[in-house]
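> All chains, full assembly: derive it from the sequences and hints.
Protein chains: 2
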Amino acid sequence: MNVLWIFAHPEGRSLNGALRDHGAATLRREGHRVRHSDLYAMGWNPLVGPADFGHDPARRLIVGAASERAHAAGALAPDVRAEQDKILWADALIVQFPLWWYGMPAILKGWFDRVFVQGFAFGVTGPDGRARRYGDGGLAGRRALVVATAGARAAGLGPRGVHGAAEDLLFPLLHGTLFYTGVDVLPPLVVTGADRAGPGEGAAAAAALDARLRVLPTADPIAYRGERDGDYTGDLVLRPHLAPGRTGPSIHVRQPPAPCVRRP
Amino acid sequence: MNVLWIFAHPEGRSLNGALRDHGAATLRREGHRVRHSDLYAMGWNPLVGPADFGHDPARRLIVGAASERAHAAGALAPDVRAEQDKILWADALIVQFPLWWYGMPAILKGWFDRVFVQGFAFGVTGPDGRARRYGDGGLAGRRALVVATAGARAAGLGPRGVHGAAEDLLFPLLHGTLFYTGVDVLPPLVVTGADRAGPGEGAAAAAALDARLRVLPTADPIAYRGERDGDYTGDLVLRPHLAPGRTGPSIHVRQPPAPCVRRP
Chain A
1 MNVLWIFAHP EGRSLNGALR DHGAATLRRE GHRVRHSDLY AMGWNPLVGP
51 ADFGHDPARR LIVGAASERA HAAGALAPDV RAEQDKILWA DALIVQFPLW
101 WYGMPAILKG WFDRVFVQGF AFGVTGPDGR ARRYGDGGLA GRRALVVATA
151 GARAAGLGPR GVHGAAEDLL FPLLHGTLFY TGVDVLPPLV VTGADRAGPG
201 EGAAAAAALD ARLRVLPTAD PIAYRGERDG DYTGDLVLRP HLAPGRTGPS
251 IHVRQPPAPC VRRP
Chain B
1001 MNVLWIFAHP EGRSLNGALR DHGAATLRRE GHRVRHSDLY AMGWNPLVGP
1051 ADFGHDPARR LIVGAASERA HAAGALAPDV RAEQDKILWA DALIVQFPLW
1101 WYGMPAILKG WFDRVFVQGF AFGVTGPDGR ARRYGDGGLA GRRALVVATA
1151 GARAAGLGPR GVHGAAEDLL FPLLHGTLFY TGVDVLPPLV VTGADRAGPG
1201 EGAAAAAALD ARLRVLPTAD PIAYRGERDG DYTGDLVLRP HLAPGRTGPS
1251 IHVRQPPAPC VRRP
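Respectively, the protein sequence lines represent chains A and B. Heads up: the first sequence begins at 1 in the numbering used here, then just goes up one per residue. Heads up: the second sequence begins at 1001 in the numbering used here, then just goes up one per residue.
Among the hints, a few may not be true.
As the list claims (entries may be wrong) - If you want the footprint, here are the derived chain A segments under chain B, 3+ residues with CB under 8 angstroms: (1) 4-17; (2) 21-35; (3) 78-88; (4) 91-102; (5) 110-120; (6) 135-146; (7) 163-177.
Said to hold, decoys possible - Among the chain A residues that face chain B by a calculated CB cut under 10 angstroms, a handful are: (8) Pro-105; (9) Arg-130; (10) Ala-152; (11) Gly-156; (12) Arg-160; (13) Tyr-180; (14) Asp-195; (15) Arg-225; (16) Leu-242; (17) Ala-243; (18) Pro-249; (19) Ile-251; (20) His-252; (21) Arg-254.
Calculated from the structure, these hints are not laboratory results. Bear in mind that the values here come from a model prediction, so they are computed numbers and not experimental data. All residues carry an ideal CB built from backbone N, CA and C; glycine is no exception.
Right, dumping it as structure tokens:
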């Protein structure tokens, strides 16, 4: 596979940097090709603005329309187009970052803000004229693994932990960004207690990463409900018989069928 | 009250800009003082890096430790200190942005990443030596209102909408950032269908904003559970008798007591 590794830590000599180097070596040993977007090292500009679209700053900027027009005309800023070309080359994305304020560092959020524009990642229609989105979209056919480090301990990021469950905190990225644009999203790897990591914990994290990378081509993605699976009404609300009476991000994951019970 | 209005849209001549101007005028009419952090207009740098901390780039940067040291020494970058001074001046924060990829634009995420440093917003201890956090912290005594615009329609951002509930998508900001640092967090105002807003909808959004701003000093905050309320175990997991069997961000909100039922 062609793998694009997006990395968003300001310090290469960090636990994050060590995991990235280790993981990229593992992927190459497995026979994959790896390219990198090391955002801090690239001096990536994370700010959406008129210059992305060749837009005259004297006129009012409407971001969605301007980005769609510029993309269609091949006139997006060269640094944005270069990232889009890498994504089109890739079969899989690794998105790696330290969890800051329970989300992505600004430099990475701005990579999605600037690169995932209308007409490229979303806002594309199928042959029937309907929007392709949530399980289908401009990036369909690709898979993604999110790798995040967190200072918090595991229990606090668990299903009933005070910080919120890691999968819920990452829902805007996993579901609202990656799955929205058609990407198959693998369960994230969250390395907890990272601020306290000694050398032994770093080795454990590297082993956990290796285990995920070895099954990168074959692992089952999170079973998010596709917009066209019939699970949502025309108003995009989950039908009442599904996850009945429940709310929260996890209702958008299909539940495995109940095990068959044989009557005696 | 002293109100700091943080604004994160690249275009002042937008629905967001009109709402900001309208809201600031309303606050002044109500007798409040208003200061602004218009992040795009200020040319705000959203990237955490060694220059924030006067850190020698030849040495390994450990962000948490470096930021805490620089803050304690009064040596943080001047633009970061200026924002901290505004926050200390303020009794209330308005945090306004367009929802991009179901979260904050990078420029705003980077405002939190750079300004809310250890020793200022969090990582402070009480007289008993315990960390002040979730309901208490460096910013205690302040309140915040989040104002976001979204292209999506309201139903899709409702409790069972395909995009996720707005309060769940904003949980990392509302709970993990603002409440974490001791701020009283008001229910957010989310203006939906913003891409389709005609002049009439703009007026409706302004009226909705006015209604929130008029009760800014008195409205009840979201009843998130404080870390010291006794609702969490020592491992920071919600005790099993609270929201029993449930998961998701909403379990961290105290439920109102069941209404009193009088037996006939």
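> Decide, hint by hint, whether the structure agrees.
So, going through the hints one by one against the coordinates:
Check on the segment 4-17 of chain A: 4 of its residues sit with their Cβ under 8 angstroms from a Cβ of chain B, so the three-residue criterion for coverage holds. With a cut-off of 8 angstroms between beta carbons, the segment 21-35 of chain A has 0 residues touching chain B; three or more are needed, and the interface restraint is violated. By the rule of at least three residues with a Cβ nearer than 8 angstroms to a Cβ of chain B, the coverage given for the segment 78-88 of chain A is violated, with 0 such residues. Proximity of the segment 91-102 of chain A to chain B, defined as three or more residues with a beta carbon under 8 angstroms from a beta carbon of that chain, is established by the 4 residues found.
Taking a C-beta to C-beta cut-off of 8 angstroms, the segment 110-120 of chain A contributes 4 residues in contact with chain B, enough for the three needed, and the coverage statement holds. Three residues within the 8 angstroms Cβ limit are the bar, and the segment 135-146 of chain A against chain B gives 0, so the coverage statement is violated. Residue count for the segment 163-177 of chain A with a Cβ under 8 angstroms from a Cβ of chain B: 11. That meets the three needed, and the coverage hint holds. The restraint placing Pro-105/A at the interface with chain B holds, with a minimum CB-CB distance near 6 angstroms, inside the 10 angstroms limit.
Checking Arg-130/A against chain B by beta carbon gives a least distance of about 14 angstroms; that is not within 10 angstroms, so the hint is violated. Nearest Cβ of chain B to the Cβ of Ala-152/A: about 8 angstroms, under the 10 angstroms cut. The hint holds. For the restraint placing Gly-156/A at the interface with chain B, the shortest Cβ-Cβ distance is roughly 4 angstroms, inside the 10 angstroms limit, so the hint holds. The restraint placing Arg-160/A at the interface with chain B holds, with a minimum CB-CB distance near 4 angstroms, inside the 10 angstroms limit.
Look at Tyr-180/A: its Cβ gets to within about 8 angstroms of chain B, closer than 10 angstroms, so that hint holds up. A least Cβ separation of about 6 angstroms between Asp-195/A and chain B falls short of the 10 angstroms threshold, and the interface hint therefore holds. Hint status for Arg-225/A relative to chain B: holds, with the closest Cβ pair at about 8 angstroms, below 10 angstroms. The closest approach between the C-beta of Leu-242/A and any C-beta of chain B is roughly 9 angstroms, which is under the 10 angstroms cut-off, so the hint is satisfied.
A cut of 10 angstroms between beta carbons decides the hint on Ala-243/A: the least distance to chain B is about 8 angstroms, and the hint holds. The interface hint given for Pro-249/A holds, since its Cβ lies 6 angstroms from the closest Cβ of chain B, which is under the 10 angstroms cut-off. The restraint placing Ile-251/A at the interface with chain B holds, with a minimum CB-CB distance near 7 angstroms, inside the 10 angstroms limit. Taking 10 angstroms as the C-beta contact cut-off toward chain B, the hint placing His-252/A at the interface holds, the least distance being around 7 angstroms.
For Arg-254/A, the shortest C-beta to C-beta distance to chain B is roughly 13 angstroms, which exceeds 10 angstroms, and the interface hint is violated.
Comparing the model with each earlier hint shows violations of hints 2, 3, 6, 9, 21; every other hint is respected.
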